[in-house]
Amino acid sequence: MSGIRPAARPRFRPFVRLQWDPVRGKQVLLAPEGALVLNETGAAIAALCNGERSVADIAEELGRRYERPVDQDVATFLGRLAARRLLEFAEEQAGNA
Amino acid sequence: MLDPVGLLAELTHRCPLHCPYCSNPLALVDVGDELTRDEWVRVWSEARALGVLQLHLSGGEPLQRPDLTSLVGEARSLGFYTNLITSGIGLTPVLAERLRAAGLDHVQISLQAADRERSDRIAGTRSYDAKLAAARLVKALGFPLTLNVVLHRQNIDDIAALLAVAEELAADRLELANTQYYGWALRNRAALLPTRAQLERAEPLVQAARERLAERMEIIYVVPDYYEDYPKPCMGGWGRRQLTVTPNGDVLPCPAASQFGATFPIDNVRRRPLDSIWRESALFDAFRGAAWMREPCRSCPRREVDFGGCRCQALQVTGDAWATDPVCRLSPQRALIDAAVRTANAAPAADSAPALAYRWSAPRALD
Ligand code: SF4
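The listed protein sequences correspond, in order, to chains A and B.
Under our numbering, think of the first position of the first sequence as 1, with each following residue one higher.
Under our numbering, think of the first position of the second sequence as 98, with each following residue one higher.
Please keep in mind that the hints were generated in silico from the structure rather than gathered at the bench.
Treat the hints loosely; a few may be bogus.
Take a look, some chain A residues computed to stay more than 12 Å from chain B by CB distance [as the list claims (entries may be wrong)]:
#1 P6
#2 A56
#3 D73
Residues on chain B that point at chain A, a partial pick, calculated with CB under 10 Å [as the list claims (entries may be wrong)]:
#4 G103
#5 A146
#6 L147
#7 G148
#8 L150
#9 Q151
#10 G176
#11 F177
#12 N180
#13 Q205
#14 G239
#15 P241
#16 L242
#17 R270
#18 E312
#19 E315
Model, not experiment: these values are computed from the prediction.
All C-beta atoms in this analysis are idealised placements derived from N, C-alpha and C, irrespective of residue type, glycine included.
Chain A with its partners taken away, still in its complex shape (with noise of 0.2 Å):
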């Protein structure tokens, strides 16, 4: 998936759970029909969905944090969070409306 854009501000369907689990000592997100294990720096992007940050305030965020440039690991591993169908866009959910 190439089409995140770094505008758009990705949150969690309301179906998706992002959750710690003590059993594989992960952050783990749960939806319906499937369950993800998240590694540290999924868990770290993860946390930061929330419908206001936009893609590109993560990755500020997270590059700040881990001090290097992390847009692409963001935009990746966002991709494949909403070809799963976990995320939304906040932005896109309003131009559709």
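The hints should help you fit chain B with the ligand onto chain A, whose structure is shown.
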């Protein structure tokens, strides 16, 4: 060995519907044998410790369990994503609100067809209006809703109307999955398998709806594997990610696997801890990974993609549980599937199909 992710809890085999493609085994569990609330809670805490994240509360009709709300509450406090798989029959506003308060995450409601007459006929009981009311209730309470329609010869021509119903109900997901032909459905195969022409008409309608509703509704469309060249990776692989617990506590790699009872002992949560069943039971072990495979699967590059297909289908169609899934083009027994497809395409579609055998012992009228 991987950790399991999903557990299908068949809370009861009791069900107000009589669908001719019912996936429950031919011999149903008696109410008196059902696991108690406390037994389920123990099984689920064992499942959580094994790594299970998703709990699918199913049946039969799970709403027939009077302790459902309390079960959902326990499941949520154990940390599961809880999914109620229901016909919708019995979902009163009070019960729905209690389930919401107990933390239920998601509701899946089945619909048998797009219009009342056909839906009630296929369900074998008057149920259509109650289903739509249940779906509206679910959405009004803010639950995410999946509508599930099992497709076959007698309803696939209504796909445009089915899409319209799902859109009108504002379903978040719509599953249009063709019947899987085992158990009860295999018995009714001639009446259920669609023609190629029916599938060719349905496909573009689904595609168009997918594009039009992209942001609002996820549409899952599954063609019958009889029309494919390779099998589906059934259950994501035997004993790999999923397990099923039947109403009396039998533990199975897939909901249709009770038929393996003739070949393997079936373990039960009343006699053995779940973790030991998952890791060591003969039934789970039998078809895990690739070691059990024969040719052509053994040396096939797709063996980690589809895991040799569905064991239940292999057993039921070829009589040999170790055989390559007969829908596979590489299976020496593909001719058995081709014959069924030829028969389906020789007869005219839809209403002139053979009569359906319903899930009850004596014929009865719609009440
Ligand atoms: S031969 Fe076996 S592994 Fe290969 S595609 Fe067919 S079923 Fe799958």
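Hold the hint about L147 (chain B) up to the distance rule: shortest CB distance to chain A must be less than 10 Å.
Holds, because the Cβ-Cβ distance from L147 (chain B) to chain A comes to roughly 8 Å (cut-off 10 Å).
Per-residue hint verdict: G239 (chain B), partner chain A, C-beta under 10 Å:
G239 (chain B) check passes; min Cβ-Cβ to chain A is 8 Å, inside 10 Å.
Holds or violated: the hint that L150 (chain B) contacts chain A, with Cβ atoms closer than 10 Å.
It holds, given that the least Cβ distance between L150 (chain B) and chain A is near 4 Å, below 10 Å.
Quick check on the hint: A146 (chain B) CB to chain A CB, less than 10 Å?
holds (6 Å)
Take a quick look at D73 (chain A) and tell me if its Cβ sits farther than 12 Å from every Cβ on chain B, holds or violated.
holds (24 Å)
Hint R270 (chain B) vs chain A: min CB-CB distance below 10 Å?
Status holds, d = 7 Å.
Given Q205 (chain B) was flagged as interface, is its beta-carbon under 10 Å from a beta-carbon of chain A?
Holds. Min distance 7 Å.
Would the hint on Q151 (chain B) be counted as holding, given a Cβ-Cβ threshold of 10 Å to chain A?
holds (6 Å)
Classify the hint on L242 (chain B) as holds or violated, based on whether any CB of chain A lies nearer than 10 Å to its CB.
It holds, given that the least Cβ distance between L242 (chain B) and chain A is near 9 Å, below 10 Å.
How about E312 (chain B): closest beta carbon in chain A under 10 Å, or not?
holds (5 Å)
Beyond 12 Å from each Cβ of chain B, as asserted for P6 (chain A):
At roughly 19 Å from the nearest Cβ of chain B, P6 (chain A) sits farther out than 12 Å, so the non-interface label holds.
Restraint: G148 (chain B) near chain A, CB-CB cut 10 Å. Satisfied or not?
holds (5 Å)
The structure agrees with every numbered hint stated previously.
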